Every structure is written in C-alpha cells, then in structure tokens.
Amino acid sequence: MNELLSQPALQSSLIPFCAALATGVLLMAGARRWAGLAVLVGFYAAVYPIAGFEFAPLTSTRKILLLGLAAIPVAVVLDTLRRKARVGSGVLFWLAGAALLWVVWPVVQREELRVALALGGMGAIYAVLVTSFASDLAAKPRHAGVALLTMSLGTGGAALMGASALIGQLGLALGAATGAWLLLAMWKPTMGAGNTLTLPVGFLNALLGYGAFVYARLPWFALLPLGLIPLLVRFVAPDAKVASWRQTLWLVLLASPLAALAVFLSWQVEGAPPL
Amino acid sequence: MRHTFAALALATLSASAFAADSYTIDPAHTYPHFAISHLGFSTMHGRFNSTSGKIAMDRKGTGSSVEVTIATASIDTGFQKRDDHLRSADFLNAAEFPEITYKSTKIVFSGESAATVEGNLTMAGVTKPVTLNVGHIKCAVNPQSKKDVCGFDATAKIKRSDFGVKYALPNVGDDMALTFEVEAVKG
Numbered sequence: 001m002n003e004l005l006s007q008p009a010l011q012s013s014l015i016p017f018c019a020a021l022a023t024g025v026l027l028m029a030g031a032r033r034w035a036g037l038a039v040l041v042g043f044y045a046a047v048y049p050i051a052g053f054e055f056a057p058l059t060s061t062r063k064i065l066l067l068g069l070a071a072i073p074v075a076v077v078l079d080t081l082r083r084k085a086r087v088g089s090g091v092l093f094w095l096a097g098a099a100l101l102w103v104v105w106p107v108v109q110r111e112e113l114r115v116a117l118a119l120g121g122m123g124a125i126y127a128v129l130v131t132s133f134a135s136d137l138a139a140k141p142r143h144a145g146v147a148l149l150t151m152s153l154g155t156g157g158a159a160l161m162g163a164s165a166l167i168g169q170l171g172l173a174l175g176a177a178t179g180a181w182l183l184l185a186m187w188k189p190t191m192g193a194g195n196t197l198t199l200p201v202g203f204l205n206a207l208l209g210y211g212a213f214v215y216a217r218l219p220w221f222a223l224l225p226l227g228l229i230p231l232l233v234r235f236v237a238p239d240a241k242v243a244s245w246r247q248t249l250w251l252v253l254l255a256s257p258l259a260a261l262a263v264f265l266s267w268q269v270e271g272a273p274p275l
Numbered sequence: 001m002r003h004t005f006a007a008l009a010l011a012t013l014s015a016s017a018f019a020a021d022s023y024t025i026d027p028a029h030t031y032p033h034f035a036i037s038h039l040g041f042s043t044m045h046g047r048f049n050s051t052s053g054k055i056a057m058d059r060k061g062t063g064s065s066v067e068v069t070i071a072t073a074s075i076d077t078g079f080q081k082r083d084d085h086l087r088s089a090d091f092l093n094a095a096e097f098p099e100i101t102y103k104s105t106k107i108v109f110s111g112e113s114a115a116t117v118e119g120n121l122t123m124a125g126v127t128k129p130v131t132l133n134v135g136h137i138k139c140a141v142n143p144q145s146k147k148d149v150c151g152f153d154a155t156a157k158i159k160r161s162d163f164g165v166k167y168a169l170p171n172v173g174d175d176m177a178l179t180f181e182v183e184a185v186k187g
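If you're matching them up, the sequences are chains A and G in order. Here the first sequence is numbered in the working numbering, starting from 1 and rising by one per residue. Here the second sequence is numbered in the working numbering, starting from 1 and rising by one per residue.
Calculated from the structure, these hints are not laboratory results. It should be emphasised that the depicted structure is a prediction, and the values quoted were computed from it without experimental measurement. Where hints are given, some of them may not hold.
[Unchecked claim] Reference listing, derived: stretches of chain A covered by chain G, where coverage requires no fewer than 3 residues with Cβ under 8 Å from a Cβ of chain G:
1) 156 to 167
2) 214 to 225
[Claimed, not checked] Distance ranges between label pairs, derived from CB positions:
3) A/Arg114 x G/Ala177: 38 to 46 Å
4) A/Arg114 x G/Asn120: 49 to 57 Å
5) A/Val77 x G/Thr24: 26 to 34 Å
[To be verified] Every beta carbon over 12 Å from chain A, so not counted as near; a handful from chain G, in silico:
6) Ala95
7) Glu118
8) Ser161
Virtual Cβ for every residue (Gly too), placed ideally from N, Cα, C.
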C-alpha cells in the first residue's frame with residue numbers, strides 16, 4: 001500500500017480526484033453551498049503523500065500550503081455573509097499580493113533594490129489579478145470549474161517542465177480535485193461555486209505558479225496565459241438553452257489552449273521534465 | 001597583584017590564540033561529494049563545485065575548528081536537468097537556502113593522520129549534528145606553490161529526511177554517503 005501511495009502519478013491524480021469526489025457528494029447532500037470545499041479536501045489529501053504536513057522549517061512550499069489553508073475560512077466567511085469577494089473587500093486581494101510577497105521574500109530580500117521591486121511587485125500583481133479574476137467566477141459554477149481546472153493543470157504541467165516535480169504535482173493534484181468538482185457541477189447544474197471554491201483555488205494557483213518561477217525554472221512569461229484563463233472564461237455568457245455538458249465542453253476547449261501554451265512555453269525553454 | 005594576574009591571563013590567552021594555525025580552504029582542491037540510491041538501480045554520485053571556509057589546526061590543544069560553506073547552487077551530478085531539479089524547492093531549494101554550512105564543535109585527533117570531527121550541518125534550513133571521520137591528514141609545504149597546506153579526506157553518513165528533504169522518498173534514497181576532499185592553505 002505504501003508503495004502504491006508513493007507513486008507520483010497516483011498522488012497527483014487518483015487520490016485528489018477520489019477524495020474530492022467523495023467529499024463533494026457528501027456536501028451536495030447536506031451543504032451544497034460549501035461544495036467548493038471538496039476541492040480543497042481533495043488537494044490536501046494529496047498534499048500528505050506528496051509533501052507531508054510538516055511546517056518546520058517554514059520553507060516557501062510550506063508557506064504556500066499554509067496560505068491555501070488560511071484562505072479557506074476567509075472564503076467560507078464571505079460565502080456565509082453572501083458577499084462577493086470584490087465588493088468592499090478589495091483589501092483581500094491586496095492581502096493575496098502581500099502573502100505572495102511573504103512566500104518569495106527569502107529571494108527578494110537578497111536582491112538589489114531594482115530587481116527586488118520587480119520580483120516582488122510582479123508577484124504581488126500576479127496574485128492580486130489571478131485571485132480576483134478567479135473570484136469573479138464565484139456565481140458561475142461551470143465557468144469557475146473549467147477555469148480553475150485548466151489553470152491548475154496548466155500550472156502543474158508548466159512547473160513540471162520548469163524543473164519542479166513537487167510544485168508540478170501540487171498543481172496537477174489541484175486540477176484533479178477541481179475536475180472531480182466539475183463533474184459533480186455538470187451532474188447537478190444548481191450546485192454553486194461560491195468564494196469557497198474560487199478564492200482559495202485561485203489563490204493557490206497564483207502561489208504555485210509564481211513559486212515555480214522563483215524557486216524552480218518556470219519562465220515568467222508562461223504565467224501570462226495562465227493568468228488570462230479566468231479572465232477569458234468570464235466573457236463567455238452562460239446559455240440556458242444549451243445543455244450543461246456542451247457548455248462545459250465549449251469552455252474547456254476555449255481555456256485549454258492557454259493552459260497548453262503555458263506548458264509549451266515552459267517546455268520550450270527548459271526541456272523535458274526532470275524524470 | 002591584580003595587574004599581575006591580568007598580565008598573566010592576557011599572556012595565556014595570546015599564547016593559546018597563536019597555538020592554532022589558521023588555514024583558508026582552497027576551493028580548487030576542496031569538493032564535497034555525495035552518493036545516493038536512485039530507485040534502487042544504481043548509486044548516483046554528485047558533488048558541489050563551490051566551497052569556502054576556514055580550518056584551525058591545534059593538535060596539542062582544543063583550538064582546532066572547521067567551518068565550511070558550500071554554495072547550494074553549485075551542485076553537479078553531470079546532468080543539467082537533474083541539477084536544476086535538485087536546486088529547486090523539491091530538494092535543496094537553492095534559491096531559498098543558498099548555502100550549506102558545517103561548523104565543528106569538537107575535534108579529536110587520533111594519531112598523526114586521523115581525527116573525528118563533531119559539528120553541525122545546516123542544510124535546507126535545518127541544523128543537525130553530523131560527525132565526520134577524517135583520515136589521511138597531511139600538513140606540509142606544497143612543493144609547487146611553496147605554501148603550507150593541510151589536506152584531508154573525510155566521510156560521513158546522513159539521512160536527507162532529517163533535514164526535511166523528503167521529496168521522492170523512498171524511490172530516491174534517504175541515506176546519503178558524504179565524502180569530503182579538503183585542502184586548505186595557511187593564512
């Protein structure tokens with residue numbers, strides 16, 4: 001069993017997918033508003049075999065995992081208050097930027113001022129934009145699911161090409177968990193996404209992507225198509241006349257090329273993954 | 001009387017300070033190596049190409065010490081992509097922890113050419129005690145440079161998981177055999 005659990009492919013796909021699916025089915029039965037939590041349950045179920053749950057010393061990767069956990073109660077509170085994350089909560093996104101700065105601080109603090117400002121500033125802006133773009137999809141479950149699925153898979157794939165199998169696995173696991181949630185959303189179209197899904201998952205994508213740029217070799221420009229995914233998906237209007245699965249498929253076809261582009265760019269610069 | 005004691009103390013301190021010979025590590029002849037199991041198929045060897053530090057040699061007293069700083073990013077296993085992976089957050093996280101350091105706490109000589117060095121190894125932000133077994137100590141004048149040189153070989157064994165470097169366990173081994181070839185120039 002231990003040997004099975006130590007297989008990277010299993011850790012990043014089956015474990016998060018099954019955990020998210022099972023949790024989602026349970027939440028749908030009694031607490032549909034929190035169904036987005038299923039993705040986080042699936043993700044952190046995969047975190048245990050991939051990276052473990054130790055937080056000392058507090059390395060950059062552990063900071064990312066900790067911040068993802070911290071985002072959950074914030075999102076739950078927002079959904080409880082039935083508020084849009086953007087309305088009156090602009091400070092939330094700037095906190096996301098500050099959090100990313102905390103993750104990359106060990107590198108930023110050693111650079112000369114000009115480079116530090118660029119590195120830290122770019123990261124903060126990336127976190128702000130990705131988190132807010134993702135949060136804007138809170139009321140559109142299929143859009144949110146597709147955007148976060150493709151963004152996560154793209155982040156994971158690009159990180160894998162960028163010499164970090166660990167961040168790659170985490171991104172792919174997030175994608176697998178989101179995929180499970182999306183399947184449930186297609187089955188039950190009335191299931192909402194909410195901030196519980198979009199805020200922490202969008203935030204984690206920003207942290208993982210930028211973390212792979214700073215601490216591995218993901219090229220910075222590979223982050224651009226990833227950041228555009230939730231923005232692009234947002235402009236596709238839902239159509240009640242079209243079947244749910246068709247709409248989802250269309251959204252996937254729209255968003256996937258951007259994710260593929262990120263992976264391609266990373267592969268072009270860095271070559272094959274470190275296997 | 002007080003002045004006499006102070007003078008004696010100062011003289012003793014000065015004497016002990018001069019008892020230890022100071023050496024600066026020669027980066028061109030100092031390389032830490034490691035060996036680790038790769039999926040159980042073979043033992044992968046690698047080394048770090050950039051090392052600096054100081055050694056104090058005091059065979060007659062307790063003033064001997066070793067302080068070594070290794071540039072994490074200088075890891076070299078002969079394959080660029082693997083080296084990039086080892087530098088990443090998955091393993092040594094060179095961007096966050098640019099140095100691996102070893103500082104001795106106690107050195108015990110066994111005869112002329114062997115010693116045991118107890119000290120602390122700091123890697124990936126974690127510090128653990130590690131003992132080096134030192135053999136083949138030679139201190140003499142280098143016939144080419146005409147400088148006083150001390151050199152030795154040292155070995156140690158660690159578990160990378162003790163330092164929080166746990167990615168890909170157990171496929172990539174936990175046990176690491178360390179070998180150090182060290183030369184240091186007096187001054």
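Each hint, compared with the structure:
1. For the stretch 156 to 167 of chain A, the stated coverage by chain G holds: 5 residues have a C-beta nearer than 8 Å to a C-beta of that chain, and at least 3 were required.
2. Beta-carbon proximity to chain G at under 8 Å applies to 4 residues in the stretch 214 to 225 of chain A; the threshold of 3 is reached and the given coverage holds.
3. For A/Arg114 and G/Ala177, the Cβ-Cβ distance of about 43 Å falls inside the hinted range of 38 to 46 Å, so the restraint holds.
4. At roughly 36 Å, the beta carbons of A/Arg114 and G/Asn120 sit outside the given window of 49 to 57 Å.
5. At about 58 Å, the beta-carbon gap between A/Val77 and G/Thr24 misses the expected band of 26 to 34 Å.
6. A beta-carbon of chain A is positioned within 12 Å of the beta-carbon of G/Ala95; the least distance is around 5 Å.
7. Every beta carbon of chain A lies more than 12 Å from that of G/Glu118, the smallest distance being close to 23 Å; the non-interface claim holds.
8. Non-interface status of G/Ser161 relative to chain A is broken: a Cβ of that chain comes within 12 Å, the nearest being about 10 Å off.
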